[in-house]
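Protein sequence lines correspond, in order, to chains A and B.
Just so it is clear: in the first sequence, position 49 is 249 by our numbering, and no numbers are missing.
Just so it is clear: in the second sequence, position 222 is 345 by our numbering, and no numbers are missing.
It cannot be assumed that every hint is accurate.
[Stated by the list, open to error] Simulated pairs of lysine-lysine, DSSO-like, Cα-Cα distance not exceeding 30 angstroms:
hint, chain 1, residue 1, chain 2, residue 2
1, B, Lys165, A, Lys207
2, A, Lys416, A, Lys430
3, A, Lys426, A, Lys416
4, A, Lys284, A, Lys244
5, A, Lys270, A, Lys207
6, B, Lys370, A, Lys358
7, A, Lys330, A, Lys426
8, B, Lys298, B, Lys165
9, B, Lys298, A, Lys207
10, B, Lys143, A, Lys330
11, A, Lys330, A, Lys430
[Unchecked claim] These stretches of chain B come out as covered by chain A in the derived footprint (C-beta under 8 angstroms, 3 or more residues):
hint, region
12, 244–251
13, 255–269
14, 350–362
15, 366–379
16, 386–397
Simulated from the structure, these hints should not be mistaken for laboratory data.
Beta carbons are placed, not taken as given, at the ideal position from N, Cα and C, and that holds for glycine.
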Amino acid sequence: MFAYILKRILYTIPILFGVSLIVFVLFHLVGGDPTYQMVGKHSKAEQIAQLRHELGLDQSLPMQYLHYVKQIVTFDYGRSYATKQPIGEMISRGAGPSLILAIPAFIITTIAALLIALVSAYYRGRFIDKFVLISCVIGMSAPSLAYILFGQYVLAYKFGIFPISGFEAGFPEALSYVAMPAFIWLVVSMGADVRFFRNAILEETNQDYVRTARSKGLEEKVVYFKHVLKNSMIPIVTYVVIEIPFLLLGAFLLESFFGIPGLGSMTIDAINSSDFPVLKAMTTVNSILFILGTLATDILYTLVDPRVSFK
Amino acid sequence: MSAFIKGRNLWSDAWIRITKDRFALLCFITIVGYGLVAILAKFGMIAMPWDVTVGGSYQAPSLADHHLWLGTDLFGRSVLYKVIHGTRIAMSVGLMTSIIAIPIGMTLGALAGYFGGWIDDLVVWFYTTLTSIPNIMLLIAIAYVMGRGITSVYIAIGATSWVGLARVIRAEVMKHKERDYVLAASSLGASHSSRIFKHIMPNVFHQVILNFTMQFQTAIRSEVILSYLGLGVQGQPSWGVMIDDAKLELSRQVWWQLTGATLAMFILILALNIFGDTLRDALDPKVKT
Numbered sequence: 201m202f203a204y205i206l207k208r209i210l211y212t213i214p215i216l217f218g219v220s221l222i223v224f225v226l227f228h229l230v231g232g233d234p235t236y237q238m239v240g241k242h243s244k245a246e247q248i249a250q251l252r253h254e255l256g257l258d259q260s261l262p263m264q265y266l267h268y269v270k271q272i273v274t275f276d277y278g279r280s281y282a283t284k285q286p287i288g289e290m291i292s293r294g295a296g297p298s299l300i301l302a303i304p305a306f307i308i309t310t311i312a313a314l315l316i317a318l319v320s321a322y323y324r325g326r327f328i329d330k331f332v333l334i335s336c337v338i339g340m341s342a343p344s345l346a347y348i349l350f351g352q353y354v355l356a357y358k359f360g361i362f363p364i365s366g367f368e369a370g371f372p373e374a375l376s377y378v379a380m381p382a383f384i385w386l387v388v389s390m391g392a393d394v395r396f397f398r399n400a401i402l403e404e405t406n407q408d409y410v411r412t413a414r415s416k417g418l419e420e421k422v423v424y425f426k427h428v429l430k431n432s433m434i435p436i437v438t439y440v441v442i443e444i445p446f447l448l449l450g451a452f453l454l455e456s457f458f459g460i461p462g463l464g465s466m467t468i469d470a471i472n473s474s475d476f477p478v479l480k481a482m483t484t485v486n487s488i489l490f491i492l493g494t495l496a497t498d499i500l501y502t503l504v505d506p507r508v509s510f511k
Numbered sequence: 124m125s126a127f128i129k130g131r132n133l134w135s136d137a138w139i140r141i142t143k144d145r146f147a148l149l150c151f152i153t154i155v156g157y158g159l160v161a162i163l164a165k166f167g168m169i170a171m172p173w174d175v176t177v178g179g180s181y182q183a184p185s186l187a188d189h190h191l192w193l194g195t196d197l198f199g200r201s202v203l204y205k206v207i208h209g210t211r212i213a214m215s216v217g218l219m220t221s222i223i224a225i226p227i228g229m230t231l232g233a234l235a236g237y238f239g240g241w242i243d244d245l246v247v248w249f250y251t252t253l254t255s256i257p258n259i260m261l262l263i264a265i266a267y268v269m270g271r272g273i274t275s276v277y278i279a280i281g282a283t284s285w286v287g288l289a290r291v292i293r294a295e296v297m298k299h300k301e302r303d304y305v306l307a308a309s310s311l312g313a314s315h316s317s318r319i320f321k322h323i324m325p326n327v328f329h330q331v332i333l334n335f336t337m338q339f340q341t342a343i344r345s346e347v348i349l350s351y352l353g354l355g356v357q358g359q360p361s362w363g364v365m366i367d368d369a370k371l372e373l374s375r376q377v378w379w380q381l382t383g384a385t386l387a388m389f390i391l392i393l394a395l396n397i398f399g400d401t402l403r404d405a406l407d408p409k410v411k412t
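Next comes chain A alone, as it looks inside the complex (with noise of 0.2 angstroms):
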């Protein structure tokens, strides 16, 4: 198990170097050269060579990408085009209210989710089984923009129920700005998370051993609840898990409507403003932390589950 963990944590290392390698091609090969964007039109040579060198593109590429693997390490991102602030602060100014609204809208989520599939696969192919399908259907096509405009302008704007936009930090005032938004959040992935619960409790009622199990004569409560809800729980669980890492991410769309000034505002500022480290910097720190992310989940999978072995 200990040869497996050591194995895992090593394969984490060509990932981070491909990742840290598409981003710098990204940005720094496709992307351009973003010092005309930044002076303007009107500018001299010696104003473009000197703005060049304080973003040390005048250096050969191998040593830009030293550069960006120096900044990676250090979490120092250099400052933000726009705002002119260092970009490392605003990443870990922009965490809380990201997590403020992802925290509670996914477990929420996760758990409503999680009752609906057992309710639907408890009664498959009865009534309420292929009404909660068609909801879940119905609510993963329409598009998360119309729930957002829609949530915004009835439920906030015409009946005043929520604050139409804003934050404050601080834990009961917090809450009523994201109520609203964490409740879209609800209502844009609870499709696709029951469809993929029940789906993965199904899969279990065909194994051999709930064959086993009804023909000893169990009931199909203890069949269900003991059984085969146990063993589904695994990919449950994995898909749950592997969640996690993006809700630092934030849901970009929410936290730009509603004016929460997470992570994911920061990024739509950076696209509106052309902010190229920004952009990259967001890249980067999201990449990591998915995969250490993946990392986490696997580690603990090998203490749990002991069938788990790496190919």
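Once you've looked at the hints, dock chain B against the given chain A.
Frame of chain A; chain B shown alone:
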């Protein structure tokens, strides 16, 4: 007298199952209808010109004139025409990104599954790396650095959406390459490429079709989000751009542009979802739920 039972292959069996399911058939017809609208709009046969003033600014929908069925936008242009041209954009994004993603996914998946070894390691490393970058960030990054416009949208979505197909094809080819029919082909002297493309591919090709219905709708959703973020289509009506416009319109009681674009998108995605599910049941009889 011997009774002959006429066998059906996977495709004709699937076709019979789908045509029997009236609802799935309706979805299929809807998808074909969207395709027709897109083609007609592409060649200027309907909804042209879309960018002229046909009424006052923000005129409410009325049945008086077909231009006004969905009202007008800020510049007095017909929202119905914009929805139709948005359909053209959405369908072309779905098609073009599939044209980019499917060959990449099929080829890399088949090579990795068939040859194994370092080729497999390389392909798996490549797609694991690609999927480690959150999809939306990768989309934004590619669309951003490639410059705004529809070509960037094609490339950004196409280049990021082949991984799912590659994974499935890799796993299927791995299973099939040890099967008797492939061993028979190889003992008759079939080359590697003939074994992969002539013998194995036809047996895993239904996965490509299944992937296509998913790919298509993911592409349409991604286009709407990219266009909404201002990274997508420029100077043409797209559902994403229309929904973006609607942000400021709602407080002025202008609901028709949002409704038009949202409904058009919703019906298409719903049809693709339901048709895709039916297709999955028909083509992949093992995974019955």
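We went through each hint and held it up to the structure:
1. Taking the CA atoms of Lys165/B and Lys207/A, the gap is about 54 angstroms. The hint is violated against a cut of 30 angstroms.
2. Distance restraint check for Lys416/A and Lys430/A: the Cα-Cα separation of roughly 19 angstroms lies within the 30 angstroms cut-off, and the hinted pair is therefore satisfied.
3. A hinted pair counts as satisfied when its Cα atoms are at most 30 angstroms apart, and Lys426/A with Lys416/A qualifies at roughly 14 angstroms.
4. Using a Cα cut-off of 30 angstroms, the hinted pair Lys284/A and Lys244/A holds, with the two alpha carbons roughly 22 angstroms apart.
5. Our distance criterion of 30 angstroms between C-alpha atoms is met by Lys270/A and Lys207/A, whose separation comes to about 25 angstroms.
6. Proximity of Lys370/B to Lys358/A is assessed by CA-CA distance (about 15 angstroms); at most 30 angstroms being required, the pair is judged to hold.
7. Restraint check: the Cα-Cα separation between Lys330/A and Lys426/A comes to about 24 angstroms, which is no more than 30 angstroms; the hinted pair holds.
8. Taking the CA atoms of Lys298/B and Lys165/B, the gap is about 43 angstroms. The hint is violated against a cut of 30 angstroms.
9. Annotation: proposed proximity of Lys298/B to Lys207/A holds, straight-line Cα distance about 26 angstroms (limit 30 angstroms).
10. Between the alpha carbons of Lys143/B and Lys330/A the distance comes to roughly 19 angstroms, so the proposed pair stays at or under 30 angstroms and holds.
11. This hinted pair checks out: Lys330/A and Lys430/A have alpha carbons roughly 24 angstroms apart, not beyond 30 angstroms.
12. For the region 244–251 of chain B, the stated coverage by chain A is satisfied: 3 residues place a CB nearer than 8 angstroms to a CB of that chain, which reaches the threshold of 3.
13. Restraint check on the region 255–269 of chain B versus chain A: 12 residues with Cβ-Cβ distances below 8 angstroms, three needed, restraint holds.
14. Counting residues of the region 350–362 of chain B whose CB lies closer than 8 angstroms to any CB of chain A gives 5, so the stated coverage by that chain holds, three being the minimum.
15. Under a criterion of three residues with beta carbons nearer than 8 angstroms to beta carbons of chain A, the stated coverage of the region 366–379 of chain B is upheld, 5 such residues being counted.
16. With 6 residues carrying a beta carbon less than 8 angstroms from a beta carbon of chain A, the region 386–397 of chain B meets the three-residue requirement, and the given coverage holds.
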